[in-house]
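Visitor: Following the hints, put chains B, C and D with the ligands in place on chain A, whose structure we already have.
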Amino acid sequence: MEQTTDSALCERLYRSLYRIRRVEEEVARLYPTDKIKSPVHLSIGQEAPSVAVCDLLEPEDVVFGTYRGHALYLAKGGDLPAMVAELYGKVDGCARGKGGSMHLIDMQVHMMGTTAIVATHIPHAVGYAWALQRQGKPQRVICFLGDGSTEEGVFSESLNFAALKRVPILFVCENNGYAIHSHISARSAQSDIVQRISGYGIPSARVEDGDIFRMREAARTALAAVRDPQGGPYFLEILTCRLKEHVGPKDDWHMGYRSRADIQALLANDPVDQLAARLQPESRQQIETAVEQEIERAFQYAEESPFPEQEELFQDVFA
Amino acid sequence: MEQTTDSALCERLYRSLYRIRRVEEEVARLYPTDKIKSPVHLSIGQEAPSVAVCDLLEPEDVVFGTYRGHALYLAKGGDLPAMVAELYGKVDGCARGKGGSMHLIDMQVHMMGTTAIVATHIPHAVGYAWALQRQGKPQRVICFLGDGSTEEGVFSESLNFAALKRVPILFVCENNGYAIHSHISARSAQSDIVQRISGYGIPSARVEDGDIFRMREAARTALAAVRDPQGGPYFLEILTCRLKEHVGPKDDWHMGYRSRADIQALLANDPVDQLAARLQPESRQQIETAVEQEIERAFQYAEESPFPEQEELFQDVFA
Amino acid sequence: MSLHDGGERTLTFAGAIQEAMAQEMERDPTVFVLGQGVDDPIGFYGTTLGLAERFGSDRCFDTPLSEDAVTGMAIGAALAGLRPINTHQRMDFLLLCMNQLVNIAAKSCYMFAGAMPVPLVVRGVVGRSWGQGPQHSQAFHSYFMHVPGIKVFAPSLPYDAKGCMVAAIRDNNPVLIMEHRMLFNVQGPVPEHLYETPFGQARVLRSGDDITLVAIGHMVMEASRAARQLAEEVGIAAEVIDPVSLAPLDMATICRSVQKTGRLLVVDNSWTNCGATAEIVAQVSEQWQGSRPVQVKRLGFAPTPCPTTRPLEVDFYPHAASISKAAFGMVRGDGQEWNPERVSAKEVEAFKGPF
Amino acid sequence: MSLHDGGERTLTFAGAIQEAMAQEMERDPTVFVLGQGVDDPIGFYGTTLGLAERFGSDRCFDTPLSEDAVTGMAIGAALAGLRPINTHQRMDFLLLCMNQLVNIAAKSCYMFAGAMPVPLVVRGVVGRSWGQGPQHSQAFHSYFMHVPGIKVFAPSLPYDAKGCMVAAIRDNNPVLIMEHRMLFNVQGPVPEHLYETPFGQARVLRSGDDITLVAIGHMVMEASRAARQLAEEVGIAAEVIDPVSLAPLDMATICRSVQKTGRLLVVDNSWTNCGATAEIVAQVSEQWQGSRPVQVKRLGFAPTPCPTTRPLEVDFYPHAASISKAAFGMVRGDGQEWNPERVSAKEVEAFKGPF
Ligand SMILES: Cc1ncc(C[n+]2csc(CCOP(=O)(O)OP(=O)(O)O)c2C)c(N)n1
Ligand SMILES: Cc1ncc(C[n+]2csc(CCOP(=O)(O)OP(=O)(O)O)c2C)c(N)n1
Ligand SMILES: [Mg+2]
Ligand SMILES: [Mg+2]
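Chains as they are written, first to last, in my numbering: chain A, 1 to 319; chain B, 1001 to 1319; chain C, 2001 to 2355; chain D, 3001 to 3355.
Chain A with its partners taken away, still in its complex shape (with noise of 0.2 Å):
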C-alpha cells in the first residue's frame, strides 16, 4: 500500500469502506432468515473501486451503476436506511420495495437507478454526460461497469459513440475477472480490457494491484481529463476481487471456478484490513462504533416500515 500521511483522509476512505462492508456483511447474516426476497449481488472484496472514486466526486456529479450496486450506492452517499428497506421490499425503500438490492436509486445524491441487464446503463450514461455536456453543465457522469459487460456490443457502440462526440465522461470498469462462473478468459483473447479497447483513441489506465490510495491517485488523473472543457472521455480499469458468491451471500471458493490462490496479490492488498491497521486505535474505534449503530438504526429502520399498499402494484407505470 502506498504511503499517505493524510491521515483524515485515511479514516474517511476506512469509514466508507468498513461501512459497506459490514452492511454486506449484515445483509448476508440476515439472508437466511428470508427477509431479503430478493437476488443480492453482494460488493464485499470489490468496494475500493467506488470509495477511492467516489472520494473525489463533486455531489453534483452523476453516477450510474450495476445490479452489483451497494457500494457505489453508498460511497456516494446514498441514503443507507432507504436501501436497507429496498432490500426488505418495504414502502420506506429507495424505489418503494418495487426494485429491490438490483435496483437502487437515490436522486438526491445523483446515484441514478440501477438495472439488472448487463451493459444497458453504459449508453445511457453517455446520453447523461452528452446531454449535461450540450446544456453546459460543470458536473461530470461517472459510469462504473464490469468486466463481463465489455463483451456486450452496446459497450462498443457506446465507447465509440462518447469519442465521436468527446463527451466528457469516466468509465470505470470494476474488472474482477469473472462474469458469474466465467473466467474472461474464457469469454475473450484480450484479458487486459484497456488493451482492448485501445483503439478508441479514449485515454485510459488500469490499475492492477488493489492499492486503494493507487485507485484514488488514477482517478485524480482520470476526472481531471474529463473535467477539463477540452476533455473527452476517459476509461478506468480496475482489478478488484468479489469475494462472495456471483449472486446471494455464501461464499462459494468449495465450487472450484476459481481458487483464492489465483487473487493472492489482491487480497494481500485489501484496503479494509490495510486501512484499519493504520489507523489509530481510538479513530478506528469511534469509526467502527458509529458505524455499527448507523447500521442497526437502518435495519431497524426497514423491519418497521410497512409493505406497499396493494393499490400501488398500479401505481407509476406511467409518468
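Everything labelled a hint here was simulated from the structure, so no lab data went into it. Be careful, since some hints might not be right.
What the hints assert, rightly or not - Looking from chain A toward chain D, a few residues come up when the C-beta cut is under 8 Å (computed):
id, residue
1, P59
2, G89
3, G100
4, M107
5, Q108
6, F314
It should be emphasised that the depicted structure is a prediction, and the values quoted were computed from it without experimental measurement. All C-beta atoms in this analysis are idealised placements derived from N, C-alpha and C, irrespective of residue type, glycine included.
Guide: Just chains B, C and D with the ligands, lined up with the frame of chain A:
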C-alpha cells in the same frame, strides 16, 4: 498501379471487373423501366475488393456479403442469369424471386445468402467458420462488410468471439467512406478501422490506394494467415469508392454530401480503366465481346422466365 | 377535434411531421432529433428537412450505425431532462434496440417508483412495396402494445401525423410512433397551429350500420376504399374506425360501433398472430361475454415473411378488395361470395423505390 | 402418446431436459450447446450438467456476454450443418438478439427459397418469484408466435420438457423453447427412451364439461390446482388444456373443448395484451362467428412491470385462486361471487433464490 507481367492474371481480373461493371450498368440502364422492382445497391466503383480477394479463393471457400452484393456474387462465380432473374423477381432467380437484389445466394459456389440488416451476417460468418474448424474442414470463410457495419455492436462481439476461439476467418472491410450519406468521420472518431480494432489482437492490414494488385497481395498474405492451421482471424480493410448513389441507379454528386475531389486518388486508380489500358487490344476485345453476349443472354433469360405462381407465397416458410 | 379546424390548408403526412417537430423544437429547447441520416439532404423522407440548419447540429444530428447504444443514449439524455426524438428508417431495425426500449424505457418509471421517467419519442417507419422484401417491411407495434410502460401511436392521417408527434413529444413517457412509408406523400388538412392528438381516442372516419372495420396505419386507407366499394357496389354500410392510439387503446369507441353493427373486421399492417388484431378481437369478445352473437374476423399479412417479387408481394398484403370480400362474406352470410374488383391504391402504385 | 409409456420412472423437469440433450448429443454428433455458464458447476439449473465432460468442450461451451453475436454465430454454425442449442438464463435477455432471431433465423429459409434453413434451438428461461423484479421475469413467447418462420414450445410437464427438446433438436427450423424457472424442480414421469413431443398438438390434462381452462407454461400447474379447487369446493368441472406447442398452435383441440363447455378462460405467464391469450381467444371467437354464444376471458400478468417486493409480486401473477374465482364467475353468472382461499403453490414457495 503496380506492375505485373502476368497477362493471364490481368485478363482474368479484367474480365471479372468488366463483367461486374457492365452487368450493373445494364441494371442501372434498365432500372427506370420498372422491370426491376426492388432496391438495388450497386457496386460500381468498388468491384475491385471482391475481385481481388475472390481471385485467390478455392471453389470450396465460403463467402458472406451484404445487400450490396452483386460484385461479390459475380466474383465468386455466382450464376449470372439466376442473379438477373432474381432482380426481375422471376422464378428462375437464385432465390425464386423471393429475395431480390439484397438477398442474392448461390450455394453451388458457396456464396451465402445476403441480408439487408447491416452487420447481421458478421456473426454468421464467424459461426460458419467455427463450425468448419470444428469439423476439421479445410475451406475458409471470407466475410465482406461495409465500413458502416463496424459501428454495430455485433461487429465487436463477433470480433471478440473470433479472436477468443481463434476462428480461421478473413474479414474484408470495404471501406467506401460512407454509410448512405454519412461520412465515416460523422460516425466515428477513428476513421481508420484497422486502428479502431487494433485491441482485439487480430492481425490486420489496410490497402488505401485502390490498386487492385496491392489488394490482391494483401489478400494473399491474409489468406495465408487464415489458412495456416495455427492461424486465426485476419482483418483486411480496403479503401474503395462507391460511384453511384447509395441505393438506386443514379449518380448523386449533385446532392452535395460528397465531392469527387475527395476521392481523386482512388478514382485515378480505377482498375477497370487501368487494366483495360494494359491489355492487348484483341484480348480486351475478346473479353468484352464475350461478356456482352453473356449479359445479353442473362437479361434475355430473366425477361423470359415466368414469375412464381401464387402458391409460392406460402412455400418455404419452414424447411 | 375536427380535422378542419385549421381551414383548408393541406400538407403531406411527411410535411405534417416535419412541421410538428419544428414547431415543438421552437417552443421547447429541450427537444432534439437524432437518428441515421436526419441531417442529410434527404432529411428522413422529408420529415427532418431544415431542422439541423434551423436549430443547430446539436439538436438534429446523424448517429453511428448503433441502434442499441443510440437508443440508450437517447434514454440517458431523457433522464438528464432533454426530450429526444429518435428515428429509425425501418421498424425492422428496432429489433436491435428492443432491450433498451422494453427492458429500460418501458420500465424505468415503474422500477424506480416514479423517480426516473423517460420522455422519449421513437419513430419507426414501416416499409412496403416495390421489393422491400422480408427485412424492410415489418411493423412491430404489437411488441410495444404487449408491454406496459410504453405508448404507441399509429397515425394514418396527416392531421394526426402532426397531432401524434406533438402529443408524443410533450408526454413524459416513452412513445413509439409507427409511420407507414406509403403514407408519407399523402395530402390532407393540417392546421398550422400546435395541437395534440389525444392518447386513447379512436377516430370514426365513416359511419355505417352493417359492419365495423377497424384498420391500423396504412390499412386505414385500404379500409376506407373498401367501405366505398362496399357502399357503391353492394350497398353495405361499413363503419371505419382508425384507433390512432394503439396503447392506450380506445376500446369504448370500437365496442360502441360493434354494438351497433354486430360485426367486426380488423385489418392490420402486420401479422395477425398475437398482433393488434388479436387484441382488439379478444377484447371485444371478452366484453360481449356471450350475451349477443358478434361476428369477428381479422386480416393482416399472409403468414409468411414478406416476399420481394411483386406478384407475391401483392398477395401478401390485405387490400381494399380483400377487405370488401371479407366484409361481404360476414354481412351476407357464408352462402354468398363476391369477388370485387381490385381497387387501385395510388400511394402504393406511385412508389417506385428505391427506399 | 401416453405420459406413462416409460413406466414409473420420474425425473425433474430440469433432469428431463438434461437427459434429452445428452441422448440427442449421443445420437447426433452435430448437436452442440452454447450459452453463458453451460459448462459451469451449476450447469444451467442442472440442465447441462456433465455435458462438457462427456462430449467435450467444443460441444458444450461457455460464451462471452454477447447475446446478439452468439445467436448469430449459432445461426452460422447451423448453416454449416451443425445443430446448435443456445441457452439464455432469462428470456429478458432475448431482447438483445431479437434481430438475429426475427430478422434472420425466422426468415432465412423463406428468403432464400429453402436454400438456407436454420436448425437452431433457443432455450429461454422465464424467471419468477423471490424478487426477480421487472427485468428477470418476462416471457416473450408471443413475440415469436407473431412472426412466421419460428416454432415455439412451452412445456409444463417433465415428460414434455424432454419430448419438446428432442423434437426441437431434430427439427430443421428455429425452435424457441420457453422454460419456466418454477418448473425446473417439478418431478414427473419421464421415459428413458427418446421420443418427440409433436408440434401443434395440445394436451388435455383433465376433462370437464363446465369450462375450458387453457394455460401456458407454469400456469398449467396453477390451472390444474384451480380445477381441483373448483371441483372440490363448488362442483364445477373444468377441462384443463396445455397447448405445449404455441406455434404451431393446436386450435382444434381447444375449439373442440369450447364446443363442449361454451366457456374459455385462457391463462398465461405473460401480459395479455397482444399475447398468446389474445390469439387463442381471437381464434376461438373467429371460428364461432356468432353462431352460438361463447364466454371468453383472459388472465395474465397485471398490466404493470413486475414489482420486486413480495406483497406486490403476489398480486402480479394469476394463481389458482384467481383462476378459480374467474372461472366461477363465468360458470355461475355475474350475479354470484366466490372468493376461494389461496391455494399453496409449492414450487413457488420453495424457491428461495437467489437465481
Ligand atoms: C444481457 C445480460 N446477459 C446476461 C445476464 C446474466 N448475468 C447477470 S450478472 C452477469 C455477470 C456480469 O459480469 P460483470 O459485468 O463482470 O459484473 P460482475 O457481476 O462481475 O460485477 C451475467 C452474465 C444479464 N443480467 N444480462
Ligand atoms: C441495422 C441497420 N441499420 C440501418 C440500416 C439502413 N442502412 C442500409 S445500408 C446502410 C449503410 C451501411 O453502410 P456500410 O456498412 O458502409 O455499407 P455500404 O452501403 O457503404 O456498402 C444503412 C445505414 C440497415 N439496413 N440496417
Ligand atoms: Mg466481473
Ligand atoms: Mg460504406
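Visitor: All the hints need checking, so say for each whether the structure fits it.
Guide: How the hints compare with the structure:
no.: 1; hint: P59; in the structure: 28 Å, violated
no.: 2; hint: G89; in the structure: 3 Å, holds
no.: 3; hint: G100; in the structure: 4 Å, holds
no.: 4; hint: M107; in the structure: 18 Å, violated
no.: 5; hint: Q108; in the structure: 21 Å, violated
no.: 6; hint: F314; in the structure: 6 Å, holds
Consistency note: the structure conflicts with the earlier hints numbered 1, 4 and 5.
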